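Protein chains in written order, with the working numbering: chain A, 13 to 173; chain B, 13 to 173.
These aren't lab readings, by the way, just hints derived from the structure by calculation. None of the values given here were measured: they were computed from a predicted structure. Be a bit skeptical, because a hint or two may be false.
Among chain B residues calculated to face chain A with C-beta under 7 Å, some are [to be verified]:
#, residue
1, 137
2, 150
3, 161
Below, simulated EDC-like cross-link-like pairs (lysine to aspartate or glutamate); rule was C-alpha separation at most 20 Å, straight line [said to hold, decoys possible]:
#, chain 1, residue 1, chain 2, residue 2
4, B, 167, A, 134
5, B, 113, A, 145
6, B, 113, B, 146
7, A, 148, B, 55
8, A, 113, B, 146
9, A, 148, A, 166
10, A, 167, B, 89
11, A, 148, B, 114
12, A, 113, B, 55
13, A, 167, B, 114
14, A, 167, A, 155
Backbone N, C-alpha and C fix where the C-beta goes; we use that ideal spot for every residue, glycine too.
There are 2 protein chains.
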Amino acid sequence: MSESDTVLDDSKSRFVERVGQMFSNVGMPHLAGRIMGFLLICDPQEQSSEDLQSALGIAASSFSAMTRLLESMYYVERVSVPGSRRRLVRVRRGSWMAVMKDRLRFVEEFREIAEMGLHQCEPLSAGARARLEDVKASSIFVEERFSAAFAEWEKRARNAE
Amino acid sequence: MSESDTVLDDSKSRFVERVGQMFSNVGMPHLAGRIMGFLLICDPQEQSSEDLQSALGIAASSFSAMTRLLESMYYVERVSVPGSRRRLVRVRRGSWMAVMKDRLRFVEEFREIAEMGLHQCEPLSAGARARLEDVKASSIFVEERFSAAFAEWEKRARNAE
DNA sequence: CATTATTTTCAGTATATTCTGATAATAGTG
DNA sequence: CACTATTATCAGAATATACTGAAAATAATG
Chain A
13 MSESDTVLDD SKSRFVERVG QMFSNVGMPH LAGRIMGFLL ICDPQEQSSE
63 DLQSALGIAA SSFSAMTRLL ESMYYVERVS VPGSRRRLVR VRRGSWMAVM
113 KDRLRFVEEF REIAEMGLHQ CEPLSAGARA RLEDVKASSI FVEERFSAAF
163 AEWEKRARNA E
Chain B
13 MSESDTVLDD SKSRFVERVG QMFSNVGMPH LAGRIMGFLL ICDPQEQSSE
63 DLQSALGIAA SSFSAMTRLL ESMYYVERVS VPGSRRRLVR VRRGSWMAVM
113 KDRLRFVEEF REIAEMGLHQ CEPLSAGARA RLEDVKASSI FVEERFSAAF
163 AEWEKRARNA E
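Using the sequences and the hints, build the whole thing.
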């Protein structure tokens, strides 16, 4: 993106749209994804509400709601500009890893559900118990591997600084 | 679950409902989750359409649609009963690991999106390129760790037989 | 303090999805 | 082949969600 980002060319709008689709696929609003996509490829990194509105053709209210959502999830951050009352938006460092982590929360939920079944659903047949134990064991396995992976990534990131 | 499963007691219906919520959270139909939850704790393991309809209070059409969906995703399987025209349903072995794997497909998509941006969105500023490279690197890292973890799990499962 | 650029809230519309009930199709059995 | 138990399809109701436009609130500046 070279000068002002009032209009997106074809390849960039396809990119933005694809990120939007992906967000939608994982249960988040389409517009939130389009904003993330745009923030990934725009220049400069920081963008105003108006920039995004004209580039993506969305309403100011949508921008406000989506930005607040993304901010609450720590995917973007807002910076004030001295001499202006605008608050620019940009993606946070490591936000994409955060997106992945957040999507994985359900694994923990899996384990909890299995434990709930084992403890609170008496009486259980031997077969049912075995099925729940299988859910529990696989969830724990995945949970451990994933948190180890994320810890390693963060360690790498710290060392790279 | 001891004898016939026409009605669920409190703790079991809470369990079923929670699995339903979880499915709904990850973008699948609520009823699909309730069916999976029931199949996890029922006795016997195999259940007929009618069993599930009366136990969960759902329409036959819903059962049909959801079962077909779950079958297409390899979460459940159907078995024919000799001497009857019923096809009973049960959870597949390892189905819960499959659910987890399926929910992780977006990681691959992440990498593909980053690559798409890098290759097809010329010209990109140096900053934008760096942001995309970061997405790509973290996606690849996660992708590799996850597939290694799943491979190890499958190896364990094979050895345990 | 008044002004106005900017953001947020809110009510309403459009759209998609889930689930049901009724009907049609399928396949095992006599 | 006829019968019927079982499953699948389809149209529509109910619900939820995303998005917009207008109005209200906020906050920086002169």
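Hints, verified against the model:
At its closest, the beta carbon of residue 137 of chain B sits 4 Å from a beta carbon of chain A; the interface hint therefore holds under the 7 Å criterion. Taking 7 Å as the C-beta cut-off, the interface hint given for residue 150 of chain B holds, the closest approach to chain A being about 5 Å. A least Cβ separation of about 4 Å between residue 161 of chain B and chain A falls short of the 7 Å threshold, and the interface hint therefore holds. A distance of roughly 33 Å separates the Cα atoms of residue 167 of chain B and residue 134 of chain A; the hinted pair therefore is violated under the 20 Å criterion.
Among the hinted pairs, residue 113 of chain B with residue 145 of chain A is consistent with the structure: their alpha-carbon atoms are about 18 Å apart, no more than 20 Å. As the CA atoms of residue 113 of chain B and residue 146 of chain B are separated by approximately 23 Å, the hinted pair breaks the 20 Å bound. A hinted pair counts as satisfied when its Cα atoms are at most 20 Å apart, and residue 148 of chain A with residue 55 of chain B qualifies at roughly 19 Å. Distance restraint check for residue 113 of chain A and residue 146 of chain B: the Cα-Cα separation of roughly 15 Å lies within the 20 Å cut-off, and the hinted pair is therefore satisfied.
At most 20 Å may separate the alpha-carbon atoms for a hinted pair to count; residue 148 of chain A and residue 166 of chain A exceed this at roughly 27 Å. A threshold of 20 Å between alpha carbons decides the hint, and for residue 167 of chain A with residue 89 of chain B the separation of about 43 Å lies outside it, so the pair is violated. The straight-line distance between the Cα atoms of residue 148 of chain A and residue 114 of chain B is roughly 18 Å, inside the 20 Å bound, and the hint therefore holds. A threshold of 20 Å between alpha carbons decides the hint, and for residue 113 of chain A with residue 55 of chain B the separation of about 36 Å lies outside it, so the pair is violated.
Among the hinted pairs, residue 167 of chain A with residue 114 of chain B is inconsistent with the structure: their alpha-carbon atoms are about 28 Å apart, more than 20 Å. Our distance criterion of 20 Å between C-alpha atoms is met by residue 167 of chain A and residue 155 of chain A, whose separation comes to about 18 Å.
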